[in-house]
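Visitor: As a plain string of letters, each chain reads:
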Amino acid sequence: MTSERDFDRLARAWLELGPDEAPDRVVAAVLQAVEDTPQVRRPLRWPTWRSFKMNRISQAAGLAAVLVVVIGGGILLSQRNQPAAGGPPASPSVTPAATGTSLPTSTPTQTPGGTAPSSVTPVALRTFPVSPPDAQGERSCDAIGVDDPVVGILDGDATLLEDPVWLRAQDGSKSSIVWPAGFTARFTPTVVLYDDRGAIVARAGDTISLQQSRSTAAGSFDDPYYASGMLLQKCYPRDLSTGSNGSNEPAMIELQRAPTNLGCDAIDPGYRSATIHIDPESAIVLEVNNPAYDGTKDKVNVDVWAEIDTAGGAEPQKVGTRLAVYWTAGFNATDGTTPVIHGPRGEEVARDGTRIDGEFTKLTGYSVCSSRDAVYILEYVPG
Amino acid sequence: MRDLVVQAQNGDRDAFAALVQMISDRMYALASRILRDNDLAEDALQSALITVWRKLPTLRDPGRFEAWVRRLLVHACYAEARRRRTWTANVRVLPIEGPAGPDEYLTVDDRDVLDRAFRRLTIEQRAVFVLHHHLGLQLTEIAETLGIPAGTARSRLHYATRVLRAAVEADAAPVDHEGRIA
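For the protein sequence lines, the chains are A and B, in the order given.
Under this note's numbering, the first residue of the first sequence carries the number 852, and numbering increases by one thereafter.
Under this note's numbering, the first residue of the second sequence carries the number 6, and numbering increases by one thereafter.
Worth flagging that the hints you see were computed from the coordinates, not collected in a lab.
Computed from a prediction, not measured in an experiment: that's the story for all the values here.
Mixed in with the good hints, there may be bad ones.
Derived, one-sided and incomplete: chain B residues facing chain A with beta-carbon distance under 10 Å [claimed, not checked]:
#	residue
1	Q12
2	R18
3	M32
4	Y33
5	D115
6	L119
For glycine and all other residues, C-beta sits at the position ideal for the given N, C-alpha and C.
With these hints in hand, go ahead and build the complete structure from the sequences.
Guide: Here it is as structure tokens:
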């Protein structure tokens, strides 16, 4: 038996092994990258802690003073932004601006993306600056990477002046969002979100997936998420609702992997056929096996999944139930105009809409092992 | 360091470069131990440091800079680990003879066993284990660093320790003539 002290010593000795110097090329790459990377300016927010205590009266007085400043400033700004009678209307534009609560500088205009109702006053949102389009009309991104998307349902309340529009997570919790400059909301009576050009981005109840980059934000008002991922991959502006994608460059498809030593037991999965769906922009989150296959599961925003279309067996599942799809290492996905999954020999195995049915024994010659919550596509015949 | 942080918060890239030089080795060492893959560790470090630059103005207390960077780095490690969600064979050549490492107490066999068992842990469990055993952080510090409840940090450390200890003990157990663990 290894004593606790023995094990601690062993663990420390083992962890001492390994590199202790960052490669110069990494440091150089970082310093090169920051040359072209703007910093996120801190948005206007309530202080999270104070070095002094306020009593209720002074808190109320302070809040009132802040509201006066915000509302008064808003009125002044609104008046200043009103076009002179007979003059040209203000044109929607996104310009670098000081970060903070900003009022819309223009009235959204009709665009192919949707019609902005003119009878409802736009509501100001907290915004961050966005670089203007370059000569090719492309916008630079204020974000890196496309990991850990923040997924939620658009929700809002016009009476909550400081944070009227947010994303609601599956568990009902609220995530505060700082939106790109020019974004506004209207309540008709439910919230409708508009981009800087007046196009509808999403409506209340729509699922939005912000391709947040490794966010460590808490999603609170004081530590909000930034909707910066919307600017990635030339996809801004775009319809952020589930499944839509204005990008010319579809996102990379990530396959859930199956280990190559998987056995397949004859069980009743509760279905007879399912259809594979492939959508790199999907906001669908499923519980999938942890990479270590240790019995735990992670919630992952999947690009590929299957949906039951024929129930069956002793304990039939509901039609439409989503299943994770796992592929052994030989399968790869290409994300051209039509995403396709290729087999180990390069042949097409599946695309969006491919059906797997019958006894679930083969998919284009490959073994299919079905369970109640997943389908495993294997490049070998399982034991 | 605090002055450099404040300068970098105001957009001073030279100050940020100095900060990177000061912390990059420590951060790389941490990432490589959590990920057990030098390539992934490089990617995580690069990603984290760029995020540090971007978000530096949002850091409220410059005195907490290094702890904040550590938190961003661990999250970058999570992202890297999930991005490479593949089951590649992690084959490494271990020296057959000679010192196994800085501590003669650790045998080559121990290293191999620990390496394999460690890869079975989730990335979150690995992070807690490394922060505790490599950096010597206490559970409350780990919880604060990762932004998780102390109880969660404790359970992750407990699980990780249990798995690794079990692996070491199983490896050390005598084997009978039929190859079964006695």
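Visitor: Against this structure, judge whether each hint is valid.
Guide: Hints and how they fare:
Given hint, Q12/B at the interface with chain A, is violated; its Cβ is 12 Å from that chain's nearest Cβ, farther than 10 Å. Hint status for R18/B: holds, given a least beta-carbon distance of 6 Å to chain A, under 10 Å. Look at M32/B: its Cβ gets to within about 7 Å of chain A, closer than 10 Å, so that hint holds up. Against a cut-off of 10 Å between C-beta atoms, the interface hint on Y33/B holds, since the closest Cβ of chain A lies about 4 Å away.
Restraint check, D115/B versus chain A: the minimum CB separation of about 6 Å is within 10 Å; hint holds. Hint status for L119/B: holds, given a least beta-carbon distance of 5 Å to chain A, under 10 Å.
The structure is inconsistent with hint 1 alone, although it conforms to all the rest.
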